[in-house]
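Work out the full structure, taking the sequences as your base and the hints as a guide.
Add 36 to a position in the sequence shown, counting from 1, and you land on the number used in the numbering used here.
These are calculated hints, taken from the structure and not from any lab test. Beta carbons: idealized from backbone N, C-alpha and C, even for Gly. Careful: at least some of the hints might be erroneous.
[Stated by the list, open to error] Label-pair restraints from in silico Cβ distances: (1) 82 with 53: 32 to 42 Å; (2) 45 with 85: 17 to 27 Å; (3) 40 with 121: 42 to 52 Å; (4) 69 with 118: 14 to 24 Å; (5) 115 with 57: 20 to 30 Å; (6) 76 with 102: 24 to 34 Å; (7) 38 with 121: 40 to 50 Å; (8) 77 with 45: 20 to 30 Å; (9) 53 with 90: 17 to 27 Å; (10) 79 with 56: 42 to 52 Å; (11) 121 with 53: 34 to 44 Å; (12) 40 with 79: 32 to 42 Å; (13) 77 with 102: 34 to 44 Å.
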Amino acid sequence: LGHDSVESLLQALFDERVQAEFGVSTFVEPNHSNLVLTTALTRRQARSFSNSAGMVQFRPEVDENQKMIHTGLASVRLSSSIGRMPKFTQEVLGAALRVSPYDEAAEKYQQ
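Laid out in structure tokens, this is it:
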């Protein structure tokens, strides 16, 4: 996507306009130097939003034992779906963000 790191991408995605419009802010965590996204949403509001979020789908790689491959699909909860058994639909994704694993020795995510 034209960025050297995940942090650079997130800073571009959450610029000043987006931060002001959606009430989010970013800062660098002092202990681990990770970029953190914060919001003023209540826990209940955040749970409500997360319950309606889509889930990106992966499948195991056939040749490699511990590798997962993105299927290009996401399961998205239907807005008309309410109750204990929500209904989902599958949608095709145009792009995905690759997040590196956490490096315990460096105490930060690999870039």
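Each hint, compared with the structure:
1. 82 with 53: 32 to 42 Å: Because 22 Å falls outside the window, the suggested range is violated.
2. 45 with 85: 17 to 27 Å: For residue 45 and residue 85 the Cβ distance comes to about 21 Å; the hint holds.
3. 40 with 121: 42 to 52 Å: holds (44 Å)
4. 69 with 118: 14 to 24 Å: With Cβ atoms ~42 Å apart, the hint is violated.
5. 115 with 57: 20 to 30 Å: holds (22 Å)
6. 76 with 102: 24 to 34 Å: violated (39 Å)
7. 38 with 121: 40 to 50 Å: Taking Cβ atoms as reference, residue 38 and residue 121 lie about 42 Å apart, which means the hint holds.
8. 77 with 45: 20 to 30 Å: holds (22 Å)
9. 53 with 90: 17 to 27 Å: holds (24 Å)
10. 79 with 56: 42 to 52 Å: Violated, at about 23 Å.
11. 121 with 53: 34 to 44 Å: holds (39 Å)
12. 40 with 79: 32 to 42 Å: Cβ of residue 40 to Cβ of residue 79: about 34 Å, so the range 32 to 42 Å holds.
13. 77 with 102: 34 to 44 Å: holds (35 Å)
Comparing the model with each numbered hint stated earlier shows that hints 1, 4, 6, 10 do not hold.
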